[in-house]
Amino acid sequence: MTDLLPQNIHDALAAKAIEHLHPREMIIEVLRAIQDHRGWVPDEGVELAGQILGLTPLQIEEIATFYDKIYRQPVGKRVIHVCDSIACWSRGAENLYLYLQETLGISPGETTQDGTFTLLPTCCLGLCGEAPAMMIGLKAYGRLTRERIDEILATERAEAGA
Amino acid sequence: MPILTIDNQQIEVLKGTNVLEAAKGLGIVIPHFCYHEALGAVGACRLCAMNFVEGPVKGIQMACMIEAKDEMVITTTDQASQEMRARVIEWLMMYHPHDCPVCDEGGECQLQDMTIAGGHDIRRYGGKKRTYSNQDLGPFICHEMNRCIQCYRCVRTYQDYCGGTDFGVLGTNQRVYFGRFRDGRLESPFSGNIVDACPTGVFTDRTFRYRTRYWDIEEAPSVCPHCSLGCAVIPGGRFRELQRVRGGVNKQTNGFFICDRARFGGGYGNHPERPRVPRVDGAQTTWPEALRALRKRITDLVARHGPGAVAFLGSPRASLEANYLLDSWAASLGSRRIAFDSHWQHDRSARVAAGKLGPRAASLEDIRCSDFILMIGVDPLNEAPMLALAVRQAVRRGVRLAVIDPRPVTLPCAAAHLPLAPEALPDVLEALAGGDIRRLGRREAVLLEGILEQLRAAERPVLIGGPDLLGAAGIERLLDTARLLASEHRPCKVMTVLAGPNSFGCGVLARQGPDFEAILNGMLAGEIKALVCLESDPMTGSSDPARTGMALGKLELLAALDYLPTAAAHHAHLFLPTTAVPESAGVYVNNEGRMLLFSSAMDPGTPISVSGGGDHPPRTFLPATPGSEPRPAWATLGHLQGRRLSLRDIRQAIEMEHPNFAGLSSLTTGGEGKRIADISPPPETAPEIPFPHSEGEGTLRLYAMEDFAGSGELAGYASALAPLRPTPFVMLGALDAKQRSLSDGQQVRLRSELGGVGVALRVVPDLPAGIALVPRLRGTALESYVPGRGHYDCQILSEDEEKT
Ligand code: SF4
Ligand code: SF4
Ligand code: FES
Ligand code: FES
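The listed protein sequences derive, respectively, from chains C and V. Under my numbering, residues 667 to 828 are what the first sequence spells out, in order. Under my numbering, residues 12 to 815 are what the second sequence spells out, in order.
It is worth saying that the hints were derived from the structure and are not from the lab. None of these values were measured; they are calculated from a predicted model. Treat the hints with care, as some may be off.
Claimed, not checked - Output of the computed footprint for chain V on chain C, the stretches with three or more beta carbons under 8 angstroms from beta carbons of chain V: (1) 717-724; (2) 727-736.
Claimed, not checked - Below 35 angstroms or equal to it, Euclidean Cα-Cα: the simulated DSBU-like pairs (lysine-lysine) are: (3) C:Lys735 x V:Lys140; (4) C:Lys743 x V:Lys139; (5) V:Lys139 x C:Lys735; (6) C:Lys743 x V:Lys140; (7) V:Lys69 x V:Lys80; (8) C:Lys682 x V:Lys749; (9) C:Lys805 x C:Lys682; (10) V:Lys749 x V:Lys26; (11) V:Lys685 x V:Lys35; (12) V:Lys262 x V:Lys80.
Glycine is no exception: its CB is placed at the ideal position from the N, C-alpha and C atoms.
Just chain C, same shape as in the assembly:
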């Protein structure tokens, strides 16, 4: 289990779930904890969340597969979510998306050879005012240009220790 969730976090979540009137409301929280630790949520992670919350794996999976920020497949150390919604699109997001694919040498949904980056589209990030935008991990980046993307990738790569 420890490769899914450290014991202390597991116990804290389990204790909280017992107190909770609607443990269902904790699904995302538990999945995120597993994802933070493991990088993604394997099947066993879904089952573990079910155990902690007293729900069936299906009830967890319904939520896990609804949100594109819960990764049910292995991803790179950093996941890039590029906004493909309308405000960003009107400010040239499409080209930047292509630029990212070229620079990283991968198509959407793929992970770079060195395992650093995974590239995914996302719907509106609420950063329309700074369109075009993207998100890496929990960090949001607006007013993207090719140059800025180069910088961001370099920083993120360095931080990821690659």
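Once you've looked at the hints, dock chain V with the ligands against the given chain C.
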């Protein structure tokens, strides 16, 4: 009540009706998928567009989502709404694989109908289609996700209505997927309903896979014979074989859904060993020969020993008409020895219900609409599955449910469970009826006070009880309780679960007659020389199979009329084959006293799958259909009395003799049925029947309980249900297990007067101390443990202890 105009026609509808329904009332049926009467409207499919010209809302709207209001003027034939529907259905069909030729739904597919009705006929989309991988959902249901149009009916049926937790909706937008977390059998006992609910071929009945097209199947509205609730079902046959059962609609009973026992348990009539030919002394013979022999033997016996030497046994699974004719035959011979259920305790419970329930009887619809429910001594999922769903619908509305029962009553909804030993139930009933509450423990008394308070406060409370743990005495007390709790302005209804589909009807016919115990004693004493069994197997049906076997062995004549290869049919000197339920017409009276008509979907005959053994059937030429000898029991019983009666004649005779059955001959199939009139004289001082349990000492008291697929007589002959039958187990409370140093899952030895058997132990934390439970499982070592006859003294030992 709002009045609105749709396509220039006015209609007045009940407040709260949606516009889609209102239009239906005018005969205007607009294509729709996601709306379903039992599931409600969610506006998911976007298909039911209408144009709202005048009134509180304007423009193109989803009709299912709009409540009908005064002054609304709506059109459905204008270009805008027609075009909208055509486009929507075109999107919905975009990824559809166009595989109707290999789809079991083809021909009875709402998607086919609505696509055409919606105005989409030629596919314009030429792009790549999204395709899914399907799951193995077990032996009952096939999965083909590519046919899905995202109406969400399946999840709403499975999760919301039926309370299942292992099937749901996964993914988002164009990847939305309806399935399980992993491959595996759908766990809900109501899983098959998604086959009926899905408007397309995503979920189809695996037991029916590639067997028959809709236009080739013979169907008729019928009534489920697997328990006492009388749910509406539609059996379908082809090639002389019952091929499937689907849910029928009866808003007073099941509503729209049925349980898996009914849906996948229809195969009893196809049983390869089903006796189909009349037999005399072990040799097959013709009908005239067999009828002559039976008449002659009975006349001889009556001449030699008097009419009392001949006894009759009717059955809760035989039609009202057949039971009635058995009764009139007995009467015409001068014998008063007739009982209608070989399980005498069940018989007595049915008589109490039939005699005293009257207008207090709750239907399943009453339960769905109730506002407080107390269940005592009843285990719905195992005894009457759809009752569990009715209760769930009330609980979904926030209604409280209290359960008093020693068994771990599993339900698809939340309940407050008070696990009391069977011996404590009389005290509980006593206390509920105003007696001394202090006879219970303190904790129990407090809980019961709470229940009583809620019962008094509720506007539409319902009490529900079953015969196995309450017995006739308990059922009677439950009815007294309801009477005490009811006032002029506030009814308190009761539902009593009974043993079989016609137990109530049998209870009315039985009146003051003897029960099977008396007949058994007569046989053992040698006074009774002959027993005629109508669709009844006392060898396994009675509450004392061993003694019954002994008694039957003493008979000079055992005659059986049946459609099952029962022990009694096998041992009978004289056997007459009858038609199974889907092959015959008749009336069942369900547990609330509702007369329900079933009609014949198919003719009897040896299934081609049986005679051909999976290959082409034998190439022999016969003037008659092979295996078509079975006749309806009522026809045979009429014949035996030298009368040529139609069902109509019989029903009229029943109405004349028993005025409670007024309206019987004007029943129509597929309707809601009709409650019997409440004019039966209450049984004159019913015999003092003790509760079906008494305090025991020392050893454990073992009670047998019903199992969803393992206990029923018909279910036992339905091979498709095999995957649902558990392996034998015994349940014990945590304390009792600890005292014996036994643990959950361990293999143990169960010893009682019936001998010793090895079973797995299930430790149930809050099972009351001093009792153990086993499911009755036909075809296993637990077959002879009969529910509803009180306890067996037993011992539970670990396998090692047993050896020493
Ligand atoms: S599987 Fe059937 S019922 Fe479920 S959403 Fe798809 S079409 Fe509707
Ligand atoms: S609940 Fe009873 S009557 Fe209804 S479908 Fe199931 S077995 Fe048949
Ligand atoms: S559209 Fe891209 S952030 Fe809103
Ligand atoms: S039936 Fe109205 S939106 Fe589906």
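Going down the list of hints, with the structure as the test:
As drawn, the stretch 717-724 of chain C meets chain V at 4 residues by the rule of a beta-carbon pair under 8 angstroms; at three or more, the given contact holds. Here the stretch 727-736 of chain C counts 5 residues with a CB under 8 angstroms from a CB of chain V, which clears the bar of 3, and the coverage holds. Proximity of Lys735 of chain C to Lys140 of chain V is assessed by CA-CA distance (about 26 angstroms); at most 35 angstroms being required, the pair is judged to hold. Only pairs whose Cα atoms come within 35 angstroms are accepted, and Lys743 of chain C paired with Lys139 of chain V is accepted, the gap being roughly 33 angstroms.
At most 35 angstroms may separate the alpha-carbon atoms for a hinted pair to count; Lys139 of chain V and Lys735 of chain C meet this at roughly 27 angstroms. Distance restraint check for Lys743 of chain C and Lys140 of chain V: the Cα-Cα separation of roughly 32 angstroms lies within the 35 angstroms cut-off, and the hinted pair is therefore satisfied. Of the supplied pair hints, the one linking Lys69 of chain V and Lys80 of chain V holds, its CA atoms being roughly 12 angstroms apart against a limit of 35 angstroms. The hinted pair formed by Lys682 of chain C and Lys749 of chain V meets the criterion: a straight-line CA distance of about 31 angstroms does not exceed 35 angstroms.
Between Lys805 of chain C and Lys682 of chain C the CA atoms are separated by roughly 28 angstroms; this keeps the pair inside 35 angstroms, and the hint holds. For the suggested pair Lys749 of chain V and Lys26 of chain V, the alpha carbons sit about 59 angstroms apart, so the restraint of at most 35 angstroms is broken. Distance restraint check for Lys685 of chain V and Lys35 of chain V: the Cα-Cα separation of roughly 26 angstroms lies within the 35 angstroms cut-off, and the hinted pair is therefore satisfied. Restraint check: the Cα-Cα separation between Lys262 of chain V and Lys80 of chain V comes to about 25 angstroms, which is no more than 35 angstroms; the hinted pair holds.
Checked against the numbered hints given earlier, the structure breaks only hint 10 and satisfies all the rest.
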